[in-house]
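Asker: Sequence:
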Amino acid sequence: FGATDPDFTWLDMETLLNEKGIFTYKSVAASLGGGRDLGRGLNLAGRELILAAIARNNVKLVKGETLEDNIAEKMKLFKKAGKIKLYVNIGGGLSSLGNSINGRLVQPGYHRYLNIKNIPLKGTMFLFADEGIPVIHLLDIEKMAEIYELPLAPDPMPEPGTGKTFLDERYNLTVTSVALAVLVLLIILIIVFDQRKMILKPDETKSEY
Numbered sequence: 005f006g007a008t009d010p011d012f013t014w015l016d017m018e019t020l021l022n023e024k025g026i027f028t029y030k031s032v033a034a035s036l037g038g039g040r041d042l043g044r045g046l047n048l049a050g051r052e053l054i055l056a057a058i059a060r061n062n063v064k065l066v067k068g069e070t071l072e073d074n075i076a077e078k079m080k081l082f083k084k085a086g087k088i089k090l091y092v093n094i095g096g097g098l099s100s101l102g103n104s105i106n107g108r109l110v111q112p113g114y115h116r117y118l119n120i121k122n123i124p125l126k127g128t129m130f131l132f133a134d135e136g137i138p139v140i141h142l143l144d145i146e147k148m149a150e151i152y153e154l155p156l157a158p159d160p161m162p163e164p165g166t167g168k169t170f171l172d173e174r175y176n177l178t179v180t181s182v183a184l185a186v187l188v189l190l191i192i193l194i195i196v197f198d199q200r201k202m203i204l205k206p207d208e209t210k211s212e213y
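All the letters of the sequence shown, read from the start, carry residue numbers 5 to 213 under the numbering used here.
There may be inaccurate statements among the hints.
Capping the alpha-carbon separation at 30 Å, the derived lysine-lysine pairs in DSS-like fashion look like this [stated by the list, open to error]:
(1) K84 to K30
(2) K147 to K89
(3) K126 to K83
(4) K30 to K126
(5) K80 to K126
(6) K87 to K67
(7) K87 to K30
(8) K80 to K121
Hint data in this document are derived by calculation from the structure and do not stem from the laboratory.
With the hints as constraints, model all of the structure from the sequences given.
Answerer: Following this line, the structure appears as structure tokens:
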């Protein structure tokens with residue numbers, strides 16, 4: 005269900021995977037999240053736990069005066085990291101979406117282009133889309149599970165690599181080609197046989213005197 009242990013947040017998981025050589029990359033910055041991406045709605049203890057996780061994992065804290073400040077700062081960090089070829093948004097973070105409603109305007113999945121223009125505040129996902137960067141939008145897990153026919157909270161858990169997500173249904177072109185050739189041959193034989201039968205059949209419209 006996600007990083008729900010305050011002593012083992014996603015930043016901690018990422019650091020561990022990086023140290024073990026499983027990941028070759030690591031986050032460079034993080035923000036508090038919550039209301040306006042500034043920790044609003046979180047109690048003091050919650051904000052302190054987030055700040056502690058950011059500090060112990062040695063990543064930059066993004067904390068401006070407003071949501072707009074955070075969006076601008078994150079865009080600077082993205083641009084500084086190098087050429088961005090794909091942007092992936094996971095969840096409903098306001099710095100990525102700009103507004104919670106914006107995320108509902110985009111269907112979950114891959115988008116080569118986003119044609120949504122007149123929205124009051126664009127988060128980083130929309131700003132990158134405006135620059136022609138493809139985006140993957142992962143929001144509304146239940147809807148995505150329905151689209152890809154994934155079971156919700158299955159019991160027992162399926163084995164990794166199984167299910168329709170990992171299968172690509174295709175027609176067998178060899179069987180299809182053979183079946184088509186046989187069908188065409190049968191149609192030709194029926195036409196030829198019918199024509200021969202018509203030729204051999206006497207003309208019943210003629211009368212003999």
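Asker: For every hint, state whether the structure bears it out.
Answerer: Going through the hints against the structure:
no., hint, in the structure
1, K84 to K30, "holds, 15 Å"
2, K147 to K89, "holds, 26 Å"
3, K126 to K83, "holds, 17 Å"
4, K30 to K126, "holds, 26 Å"
5, K80 to K126, "holds, 15 Å"
6, K87 to K67, "holds, 24 Å"
7, K87 to K30, "holds, 17 Å"
8, K80 to K121, "holds, 22 Å"
Of the hints listed earlier, there is not a single one the structure fails to meet.
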